[in-house]
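Participant: Residue numbers (the working numbering), protein chains in the order written: chain A, 1 to 301; chain B, 302 to 800.
Mixed in with the good hints there might be a few duds.
Calculated lysine to aspartate or glutamate pairs in the EDC-like style (CA-CA distance at most 20 Å, straight line) [said to hold, decoys possible]: (1) K311(B) with E156(A); (2) K311(B) with D125(A); (3) K127(A) with E150(A); (4) K127(A) with D95(A); (5) K389(B) with D95(A).
In case anyone wonders, no lab produced these hints; they're calculated from the structure.
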Amino acid sequence: MSSPISTDNLSKAFRRTEAVNALDLEVPEGSIYAMIGPNGAGKTTTIKLLMNILRASAGSAQVLGVDSRRLSPREFARIGYVSENQEMPDWMTVDYFLRYLRPFYPTWDDALAEDLVRQFELPRDRKLRHLSRGMRMKAALASSLAYRPELVVLDEPFTGLDALVRDEFTKSLLERAEGTTILISSHDLAEIENFASHVGYIEEGRLRFTEEMGTLADRFRQVELTFEAPPPLPADWPAAWMRPETSAAVVRFIDSRFDSERTPAEIQRLFPQARNVAFHAMSLREIFVALALAGRHAKAA
Amino acid sequence: MRQAIHIFRKDVRHCWPYIAGVVAITAAHAWQASVDTPLPENYRLYTSDSLIALLMVLAWWLAIGAAVHGESLTGDRQFWTTRPYSWKSLLAAKLLFFAVFLALPIFMSDCIILKASGFNPLDLIPGLIRRQCWLLGFLVLPFLVAALTRASRELVLAILVSCVVFYVAMSVLTTPLVNPTGMVRPAPEWIGAAATWLAPVLGLPLIVWQYARRRTILVLVLAVVCFGLVPVGAGLWLRMHWRPYPDPRYKKVAVRLAADPGPSDPVIAEGRARGLIGIPVTFSGWPRNMMIPRLTELDRVWPEPKEGTTVRLSYAPPDVTLTTSSDGREWVWLPVRDLPYWPKAEIAVTFEVALYDRQRRADMFSGSGWTRVPGYGNVRFVGDARGGYPIWRTAIQPAEPGWTYSLGGAETEFARDALWSLVLDDQAAVSPAWFRASPVYTYAGTWHAPRVTEVKTDSGIVVRHPSQEPLVFTARRQIATLYPKLIIPNVRLTGDVTK
Numbered sequence: 001m002s003s004p005i006s007t008d009n010l011s012k013a014f015r016r017t018e019a020v021n022a023l024d025l026e027v028p029e030g031s032i033y034a035m036i037g038p039n040g041a042g043k044t045t046t047i048k049l050l051m052n053i054l055r056a057s058a059g060s061a062q063v064l065g066v067d068s069r070r071l072s073p074r075e076f077a078r079i080g081y082v083s084e085n086q087e088m089p090d091w092m093t094v095d096y097f098l099r100y101l102r103p104f105y106p107t108w109d110d111a112l113a114e115d116l117v118r119q120f121e122l123p124r125d126r127k128l129r130h131l132s133r134g135m136r137m138k139a140a141l142a143s144s145l146a147y148r149p150e151l152v153v154l155d156e157p158f159t160g161l162d163a164l165v166r167d168e169f170t171k172s173l174l175e176r177a178e179g180t181t182i183l184i185s186s187h188d189l190a191e192i193e194n195f196a197s198h199v200g201y202i203e204e205g206r207l208r209f210t211e212e213m214g215t216l217a218d219r220f221r222q223v224e225l226t227f228e229a230p231p232p233l234p235a236d237w238p239a240a241w242m243r244p245e246t247s248a249a250v251v252r253f254i255d256s257r258f259d260s261e262r263t264p265a266e267i268q269r270l271f272p273q274a275r276n277v278a279f280h281a282m283s284l285r286e287i288f289v290a291l292a293l294a295g296r297h298a299k300a301a
Numbered sequence: 302m303r304q305a306i307h308i309f310r311k312d313v314r315h316c317w318p319y320i321a322g323v324v325a326i327t328a329a330h331a332w333q334a335s336v337d338t339p340l341p342e343n344y345r346l347y348t349s350d351s352l353i354a355l356l357m358v359l360a361w362w363l364a365i366g367a368a369v370h371g372e373s374l375t376g377d378r379q380f381w382t383t384r385p386y387s388w389k390s391l392l393a394a395k396l397l398f399f400a401v402f403l404a405l406p407i408f409m410s411d412c413i414i415l416k417a418s419g420f421n422p423l424d425l426i427p428g429l430i431r432r433q434c435w436l437l438g439f440l441v442l443p444f445l446v447a448a449l450t451r452a453s454r455e456l457v458l459a460i461l462v463s464c465v466v467f468y469v470a471m472s473v474l475t476t477p478l479v480n481p482t483g484m485v486r487p488a489p490e491w492i493g494a495a496a497t498w499l500a501p502v503l504g505l506p507l508i509v510w511q512y513a514r515r516r517t518i519l520v521l522v523l524a525v526v527c528f529g530l531v532p533v534g535a536g537l538w539l540r541m542h543w544r545p546y547p548d549p550r551y552k553k554v555a556v557r558l559a560a561d562p563g564p565s566d567p568v569i570a571e572g573r574a575r576g577l578i579g580i581p582v583t584f585s586g587w588p589r590n591m592m593i594p595r596l597t598e599l600d601r602v603w604p605e606p607k608e609g610t611t612v613r614l615s616y617a618p619p620d621v622t623l624t625t626s627s628d629g630r631e632w633v634w635l636p637v638r639d640l641p642y643w644p645k646a647e648i649a650v651t652f653e654v655a656l657y658d659r660q661r662r663a664d665m666f667s668g669s670g671w672t673r674v675p676g677y678g679n680v681r682f683v684g685d686a687r688g689g690y691p692i693w694r695t696a697i698q699p700a701e702p703g704w705t706y707s708l709g710g711a712e713t714e715f716a717r718d719a720l721w722s723l724v725l726d727d728q729a730a731v732s733p734a735w736f737r738a739s740p741v742y743t744y745a746g747t748w749h750a751p752r753v754t755e756v757k758t759d760s761g762i763v764v765r766h767p768s769q770e771p772l773v774f775t776a777r778r779q780i781a782t783l784y785p786k787l788i789i790p791n792v793r794l795t796g797d798v799t800k
């Protein structure tokens, strides 16, 4: 089967601003794909293009095997979409909201819906407009999981949620959407790191890289070199070594192509006088910050 | 269809306050329009009808806005856009909502009002359906605007702007065309019909497109073009190319007014301080089937022989009396004040002459209660034997604009000479049915001077109720306003004062 989501040269321009620029994205089936990137990178626009909320300026996207521009009720019955800034029918109570949506989905599972409401401790009789932000997100998620969608798309679902609600949200998502393909865009990298299987980094509308979470963690290392005296930085500084910092007799950088054999050899070649070499694993957040800063510096240069 | 009904039920649940408002206002309107309101409150009848119509329109717009904005078509944050909604079902749900809660109450209200006004609704089914179509046309604009906005606030603002644009466009398109000679001719009827159907014909495809594609900017541009630029452009083109009176009959009309060269001089009646000057005149120049029911003096100049100067008597233009003496000569009577004793003077008078096309349009009738005037509507008299007034009601269509209707014991030339006169309310006369809440147009007779029929009996004078009289319903239409000038060079104003 083809990927649940794939894009080909997908682009979206708002007047002169290229929000999404020739994006080629492939979300593997059954994966939990985290789309990360700085503010304004084009994550939300990409998702809106995929959901046919916005129209692409160029290129195309396939969602569940269908051109995203031709997504019909049949496909939307298999997609769960939750967004932080989605306008909900605020006048509905939680109970009526779920009852209203039920006939739209042939696969709606009443027991599952009941279970989600109970697990999220959603007040049935309260109107959506009177729910807290966290509760609203939970209600949206419950309404998007109750029909066991094949694809769940979450756009910044953790924004504004406290830690407890995030945990509940994530836990339910993983429990209820087992085997489901999940595309999630988020700034909450620490949260995503715990469960994402794949990650894609978007910057200035372009996909800078996309890979499995494990390989990403493997190839990024913070390297710390200690010297007797402050060394000069070599002229042929490798491109994969990001954000070099010199502090007294210590040189730090981030290797974005870490290899347990090649990297020490390269260090040995460029810094033969290094007294001590230390490699530190990096969290997704640290990788993200490194990439974002590197991108900003490159742009400034 | 199941999804459409599902959405419709949700809309009912969501919009019930708006539905209640529409139904309450419609019911109040049906009740109010069904009862006879005695004078002098009858003047309020028009006012309250307009007020209720305004409230009804407001209630419709708000209900439309609430229903459409339940699934707003603009913006990129609506929850429903990523749910398995079929746009056809969504549109069908909204149309069903309008049919049940806007069109049906109006239809029922129409039937009640017609029944109470002496009409049988079953006889007027085509008219009622036409009114429903007009209603559709009237609702298309707020529907379209709602489909291009996100919230009620935007809707109200956009509708106000749209109404101004639409009103200006329609005004340009449908206002009477006037030529410099004062000939007035209404815009051709097909323009009015085209204007009536413009909204649904142009608006509905745009609504369908917006529901199918949600291309807000594009649809907005097209809507502005369709509802603003096209009517204004068409109106301007029409004004440049439309000949004001292509009917050759009107071209021949050229009223001439001249002093009668016969033996009689002008006479002074009722004194010089406040009286009349009677001048024998001849009228000519208009087809025999037309008549002059109104002659107004616009301007009079008295050259003073001694001083060689001109005195312009300034006062409000009075209606000039036109009489026919026993020898068949026609006399114009000019009101005067403080007439000077000049031996001779020259009088130059400019008149405004309203030329009417006379057509007797209905036969005699009599009776009490609602009485049918074939082809026109129903008439009834309100009041007692000592006096009252007639009420005339037409169904679905207003009285034709430009026509004057009179009701009297005999065929009369002038509305003011009729036993009862029916005076058309200008606003009611020109507004098509779809601008009105009521399917019935009510015209009250003149209040001020009903002439009653007195019958002497042994016990005294009995005033007979007008409904006991055989009456004639007469219609006439003003086709031209002309300004002939009468110049009499040597007028002797020392003549006798007649009483």
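Participant: So, for every hint listed, does it hold in this structure?
Facilitator: Evaluated hints:
1. K311(B) with E156(A): violated (29 Å)
2. K311(B) with D125(A): Cα-Cα ~16 Å, so holds.
3. K127(A) with E150(A): violated (29 Å)
4. K127(A) with D95(A): holds (9 Å)
5. K389(B) with D95(A): violated (26 Å)
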